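Number of protein chains: 2
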Amino acid sequence: MKNDLLLRALKGLPVERPPVWIMRQAGRYLPDYIKLKNKYDFFTRCRTPELVSEITLLPIDQIGTDAAIIFSDILVVLQAMNIEVEMKPNFGPFIPNPIDSKEKVKNLITPNVRDKLGYVFEAIKITKRDLNDRVPLIGFAGSPWTLFCYLVQGSGSKTFDKSKGFAFANPKETEIILEKITLTTIEYLKGQIDAGADVVQIFDSWGGLLSPSDYSEFSLKYINRIVSAIKNYAPVIIFGKGCWFALNEMVKTGASGLGIDWSCSARNARYLSGGNITLQGNYDPAKLLSPISKIKSDVNQMINDFGKQSYIVNLGHGILPNIPVSHAKAFVDAVKEYKSL
Amino acid sequence: MKNDLLLRALKGLPVERPPVWIMRQAGRYLPDYIKLKNKYDFFTRCRTPELVSEITLLPIDQIGTDAAIIFSDILVVLQAMNIEVEMKPNFGPFIPNPIDSKEKVKNLITPNVRDKLGYVFEAIKITKRDLNDRVPLIGFAGSPWTLFCYLVQGSGSKTFDKSKGFAFANPKETEIILEKITLTTIEYLKGQIDAGADVVQIFDSWGGLLSPSDYSEFSLKYINRIVSAIKNYAPVIIFGKGCWFALNEMVKTGASGLGIDWSCSARNARYLSGGNITLQGNYDPAKLLSPISKIKSDVNQMINDFGKQSYIVNLGHGILPNIPVSHAKAFVDAVKEYKSL
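Heads up: the protein sequence lines correspond to chains F and U, in order. My numbering puts the first residue of the first sequence at 1, with every later residue one more than the last. My numbering puts the first residue of the second sequence at 1, with every later residue one more than the last.
Looking at chain F on its own, in the form it has when it is part of the complex (with noise of 0.2 Å):
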């Protein structure tokens, strides 16, 4: 690997400086990449291996991140799972047939993954080609939880009422889905580091609505099986958005690194999380409009806030679509610039 910042700030080995990546990367604010949207439906895009590798490479190439990410949705596993979900556009994932009744959990299969997703391993090894190990790769899958969110609502939600409500409702049949899931993403993301994915984030998008308890419930209780089942192939990101309140306990799992939101200050982080763990994060993506000389200096404040060493530069979410792509730039410029204090 030329460049191994992210492989060797995920073991805790020393770096000149922390890497770089954005949430969301490769899409959304890339004027190369919507022209591959205006050509190509979504999942036409994630279906294609060739499509995948070239959206996959351009942020590699035109703001220069230290990792790239695999173009792909965390909804393709409810795909396989034989839930159809559609990309509207201007509106988002949509479910037509939600899991939104006892009787319907029946319709969700646990496939093999092989057959149902074997286009995103092609797309893996396709991309991994193309890199010529200049960067690592980065694969994922959404977090049980965040899948079940969209299973059952049918759609994104600011609250997830009807899953939530659901899931309080209906604990029993809300384990047998996440169970589904679980062992679904588990060889998902072994599929994914056989084909030659560096290392795993894991997104869990809506951890953060449930609280404290009903979070290790429903969500970190199985996010912790995933990481179990897969640790040993590759090291694993665990990002849980707004789930400040249990950095600790994913620490346990064996998780490699948490990404964090801008919620939580990196003093917060650090000591939420035993100080021990690789951080990753936190700018918040709407800060990304700022003047670049203030994007430039907020960069510099936030590595000396985590310290240059097991950090991992990011956003502490994915990035927003009216971002110009000098400001992206900016972030990761100012991130190879930088000078310890």
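One or more of the hints may lead you astray.
[Said to hold, decoys possible] Not close to chain F: a few residues of chain U, all C-beta gaps over 10 Å, as computed:
(1) Pro111
(2) Asp284
(3) Val325
[Said to hold, decoys possible] PhoX-like, lysine-lysine: derived pairs with alpha carbons at most 25 Å apart:
(4) Lys125(U) with Lys329(F)
(5) Lys37(F) with Lys162(U)
(6) Lys162(U) with Lys172(F)
(7) Lys294(F) with Lys294(U)
(8) Lys88(F) with Lys294(U)
(9) Lys37(F) with Lys158(U)
[What the hints assert, rightly or not] Computed Cβ-Cβ distance ranges for the label pairs, DEER-style:
(10) Asn107(F) with Arg134(U): 32 to 40 Å
(11) Ile109(F) with Lys158(U): 52 to 60 Å
(12) Tyr271(U) with Ser228(F): 55 to 63 Å
(13) Asp305(F) with Asn38(U): 38 to 46 Å
(14) Gly12(U) with Ile292(F): 43 to 51 Å
(15) Met1(U) with Lys294(F): 32 to 40 Å
(16) Ser216(F) with Lys11(U): 56 to 64 Å
(17) Met1(F) with Pro321(U): 51 to 59 Å
(18) Glu86(U) with Arg129(F): 49 to 57 Å
Since the hints were derived computationally from the structure, they do not count as laboratory data. The structure displayed is predicted, hence computed values, not measured ones. The C-beta atom is built at its ideal place from N, Cα and C for all residues, glycine as well.
Fit chain U to the given chain F structure using the hints.
Structure of chain U alone, referenced to chain F:
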């Protein structure tokens, strides 16, 4: 006051059991409210003192909460400041001409509050008469930051990315807007107290979208000025959704109580707030969809966790429209039936 549990809890005085009320208790899920909703549009309901009183008293009569909160909306303050605000059915607030550029900042006026919001003060007087000192009446306002979020975004949003982008790109103009809202809010809350509100609550619904340092700059600074200006006239509760990281700073404002959401355990909330201030919360509104027996045992546990002194039982955010009245009532009854450990 026949039932002064809320007032005693806010002063930290001994109570035989904690008081209970529910955010948004006067709307949404109550069948008698829905009837009025189908008959009068939203702002007619807010501007007709007799309707306000009728709606405000519904939960006192029907589910037996220990406090009333005046039926209104945080956005009436923007209307008073010369901003058109509509409440669209199945959509929520809509501002046809948001302040989305520097040039539009001058559209915002600092009004004569008695002229523009006198209907709220009148509604408070009539409601107080109708309440006849059965329970205290809570007045309220949105925090300046939360009103700014709607003012710039033009509607509700998951991320308020336009509002945050405006703030980060135009900090000076943002300060001008927040100043004007702050001055208006101080007069508005003073007017509510003069009219008879026994307690006031400041809702910072979107403060949790900011990092701790941005929260200090864009939200807490203005909340602090408001609390300083009114705390000698009535006890103030600050509710910052997702603002666990600022609890310690909120204590320093001189507020009498802090609202807590369910992401923050009782133990964390007591620790982060320093252990002396009255706390209010924090049941997950979606958990009111649990079986009634579970709601009752959860409430008992919650009181044990927070402790029955210096504590106000509430949800961690507004009640959801799909909650059965019997479940809301079970929540309230559980507090009244509370038996100490």
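Verification of the hints:
Residue placement check: Pro111(U) keeps its beta carbon more than 10 Å from all beta carbons of chain F (closest about 30 Å). Residue placement check: Asp284(U) does not keep its beta carbon more than 10 Å from all beta carbons of chain F (closest about 5 Å). Every C-beta of chain F lies more than 10 Å from that of Val325(U), the closest at about 16 Å, which supports listing it as non-interface. Taking the CA atoms of Lys125(U) and Lys329(F), the gap is near 58 Å; set against the 25 Å cutoff, the hint is violated.
Between Lys37(F) and Lys162(U) the CA atoms are separated by roughly 23 Å; this keeps the pair inside 25 Å, and the hint holds. Between Lys162(U) and Lys172(F) the alpha-carbon distance is near 41 Å, which puts this suggested pair outside the 25 Å criterion. At roughly 50 Å between alpha-carbon atoms, Lys294(F) and Lys294(U) are farther apart than 25 Å, so this suggested pair is violated. Taking the CA atoms of Lys88(F) and Lys294(U), the gap is about 38 Å. The hint is violated against a cut of 25 Å.
Proposed proximity of Lys37(F) and Lys158(U) is supported: the alpha carbons are some 23 Å apart, at most 25 Å. Between Asn107(F) and Arg134(U), the C-beta spacing of about 51 Å breaks the proposed range 32 to 40 Å. Separation of Ile109(F) from Lys158(U) is about 31 Å and departs from the stated range, judged on CB atoms against 52 to 60 Å. A C-beta distance of roughly 30 Å is found between Tyr271(U) and Ser228(F), which places it outside the suggested range of 55 to 63 Å.
The hinted window of 38 to 46 Å between Asp305(F) and Asn38(U) is violated, with their beta carbons roughly 53 Å apart. The given range of 43 to 51 Å is respected by Gly12(U) and Ile292(F), whose C-beta atoms sit roughly 49 Å from each other. Range check, Met1(U) to Lys294(F): about 51 Å between beta-carbon atoms, so the 32 to 40 Å window is missed. At about 36 Å, the CB distance of Ser216(F) to Lys11(U) disagrees with the hint of 56 to 64 Å.
Between Met1(F) and Pro321(U) the CB atoms are about 53 Å apart, so this pair conforms to the stated range of 51 to 59 Å. Taking 49 to 57 Å as the suggested C-beta distance range, the pair Glu86(U) and Arg129(F) conforms, at roughly 55 Å.
The structure is inconsistent with the numbered hints 2, 4, 6, 7, 8, 10, 11, 12, 13, 15, 16, although it conforms to all the rest.
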